[in-house]
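Colleague: Chain by chain, the residues run as shown.
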Amino acid sequence: MLNISGLTEGIVLDHIPAGKSMEIYRYMGLDKLDVQVAIIKNARSSKMGKKDIIKIEGGLDNIDLDVLGFVDHNITVNVIKNEKIIEKKKLSLPAKLTNVIKCRNPRCISQIEQELPQVFFLADEENEVYRCKYCEEKYRR
Amino acid sequence: MLRHLLNPMDLSVEETADLLALAGKMEANPSEYAHICDGKKLATLFYEPSTRTRLSFEAAMLNMGGSVLGFSSADSSSASKGESVADTIRVISSYADICAMRHPKEGAPLVAATHSLIPVINAGDGGHQHPTQTLTDLSTIYHLKGRLDSLTIGLCGDLKFGRTVHSLMTAMSRYANVRFVLISPPELKIPSYVRESVLERNNIPYTEVVSLEQALPQLDILYMTRVQRERFFNEEEYIRMKDSYILDRAKMALAPEDMFVLHPLPRVNEISVEVDSDPRAAYFRQARYGVYVRMALIATLLEVKVC
Numbered sequence: 009m010l011n012i013s014g015l016t017e018g019i020v021l022d023h024i025p026a027g028k029s030m031e032i033y034r035y036m037g038l039d040k041l042d043v044q045v046a047i048i049k050n051a052r053s054s055k056m057g058k059k060d061i062i063k064i065e066g067g068l069d070n071i072d073l074d075v076l077g078f079v080d081h082n083i084t085v086n087v088i089k090n091e092k093i094i095e096k097k098k099l100s101l102p103a104k105l106t107n108v109i110k111c112r113n114p115r116c117i118s119q120i121e122q123e124l125p126q127v128f129f130l131a132d133e134e135n136e137v138y139r140c141k142y143c144e145e146k147y148r149r
Numbered sequence: 016m017l018r019h020l021l022n023p024m025d026l027s028v029e030e031t032a033d034l035l036a037l038a039g040k041m042e043a044n045p046s047e048y049a050h051i052c053d054g055k056k057l058a059t060l061f062y063e064p065s066t067r068t069r070l071s072f073e074a075a076m077l078n079m080g081g082s083v084l085g086f087s088s089a090d091s092s093s094a095s096k097g098e099s100v101a102d103t104i105r106v107i108s109s110y111a112d113i114c115a116m117r118h119p120k121e122g123a124p125l126v127a128a129t130h131s132l133i134p135v136i137n138a139g140d141g142g143h144q145h146p147t148q149t150l151t152d153l154s155t156i157y158h159l160k161g162r163l164d165s166l167t168i169g170l171c172g173d174l175k176f177g178r179t180v181h182s183l184m185t186a187m188s189r190y191a192n193v194r195f196v197l198i199s200p201p202e203l204k205i206p207s208y209v210r211e212s213v214l215e216r217n218n219i220p221y222t223e224v225v226s227l228e229q230a231l232p233q234l235d236i237l238y239m240t241r242v243q244r245e246r247f248f249n250e251e252e253y254i255r256m257k258d259s260y261i262l263d264r265a266k267m268a269l270a271p272e273d274m275f276v277l278h279p280l281p282r283v284n285e286i287s288v289e290v291d292s293d294p295r296a297a298y299f300r301q302a303r304y305g306v307y308v309r310m311a312l313i314a315t316l317l318e319v320k321v322c
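From first to last, the protein sequence lines stand for chains W and A. First residue of the first sequence: 9, per the working numbering; consecutive thereafter. First residue of the second sequence: 16, per the working numbering; consecutive thereafter.
Don't take every hint at face value.
Said to hold, decoys possible - Cut-off 25 angstroms, straight-line C-alpha distance, at most; resulting in silico cross-link-like pairs (DSS-like, lysine-lysine):
#: 1; chain 1: W; residue 1: 89; chain 2: W; residue 2: 40
#: 2; chain 1: W; residue 1: 28; chain 2: W; residue 2: 96
#: 3; chain 1: W; residue 1: 104; chain 2: W; residue 2: 146
#: 4; chain 1: W; residue 1: 110; chain 2: W; residue 2: 92
#: 5; chain 1: W; residue 1: 146; chain 2: A; residue 2: 175
#: 6; chain 1: A; residue 1: 204; chain 2: W; residue 2: 146
I should point out that these hints are in silico values taken from the structure, not numbers from a laboratory. Quick caveat: nothing in here was measured; it's all calculated off a predicted structure.
Turn these sequences into a full structure, and let the hints steer you where they fit.
Modeller: Listed below in structure tokens is the structure:
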């Protein structure tokens with residue numbers, strides 16, 4: 009059993025499907041933060057069998073909940089203060105994503121236009137379909 | 016308020032009806048509209064050649080007393096020097112009152128509209144949208160049949176890759192009692208996303224058939240498109256199928272007297288020239304309706320006073 013010390017103040021992303029934590033780390037740009045980040049892979053879980061957990065030191069302003077909602081809206085977000093959970097954030101699929109994912113359609117204007125933000129909108133919530141704002145091509149995960 | 020036309024669905028059913036009615040008045044009394052755009056300039060920003068569409072826009076503006084400026088390929092524009100769409104439209108906004116943009120990259124007119132001070136009309140962006148073609152088709156159907164509802168529309172040929180067909184189906188799905196007969200070889204049937212997002216979502220009745228002859232007797236409108244050799248998996252299949260989708264006088268004999276044939280043009284060989292003299296052949300009139308509906312669109316977006 010691996011022990012990682014508790015957080016005094018920070019965010020715990022729990023119930024991440026096993027193996028998905030590095031994807032979340034990249035999407036959320038956690039490598040660019042100058043704070044302590046702990047990634048726990050394949051932790052035992054009664055609900056999921058195995059799960060990943062990410063602990064991030066500092067306040068909520070360090071993370072973009074929209075990005076997290078896009079990656080997996082079933083992840084639990086616990087806000088920790090004085091070593092206690094003071095809030096559980098509910099995630100949902102964001103209506104819009106800016107500069108999170110890139111359009112892969114070679115015919116899209118976003119491939120050539122200088123400094124054009126990559127914008128996707130939620131076109132079908134039930135099937136979790138995002139489409140590029142410019143060419144309307146479906147984003148394939 | 017500054018308005019653009021980027022997607023045929025940007026216009027409500029009421030706005031579309033107003034445009035078609037204005038196009039009809041313009042056709043009936045062209046002289047009344049001959050000076051409504053005096054002193055106004057249309058910029059045609061064509062990053063890829065499309066002579067027919069560009070000339071239709073230019074004719075529309077000239078018919079209303081306006082003038083035109085622009086370029087007809089990326090080579091003759093500042094895009095060849097690497098200028099962005101955003102910068103180009105900022106500059107053009109100072110030169111013209113309205114612009115029509117054709118661009119090989121999908122979404123380019125949307126980028127232009129974001130930065131523009133003048134109305135932007137999408138004149139075709141790659142395989143994405145071509146709203147004035149859809150308006151032309153709607154205008155032709157409306158003026159020939161007197162209505163856009165209660166119609167059986169046959170769409171024939173390449174229904175898989177045909178952008179005009181998908182846009183027309185989407186636009187027609189907003190009218191009551193419309194049904195489609197989809198006529199194509201199995202390889203070129205409509206894609207599943209069009210079937211789901213347009214037909215099934217709106218409960219539009221449709222049938223899919225392989226034989227044009229079988230479909231013809233039940234149609235009010237036949238919309239022809241070209242079946243291209245390169246779309247087929249093999250040469251034998253192409254040779255076996257190609258003649259089935261060529262409309263000739265013998266096939267026209269199976270069609271009702273009040274059916275009309277439309278085609279977005281250019282035609283290659285999918286409609287035999289012997290059909291041209293048939294009063295039901297409406298594809299050249301369609302090009303004419305295209306000019307009037309573009310006139311109505313330009314006048315509306317410019318908010319010029321019309322009777």
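Colleague: May I ask which of the numbered hints given earlier this structure violates, with the numbers listed in increasing order?
Modeller: Violated hint (a single one): 4; every other hint is consistent with the structure.
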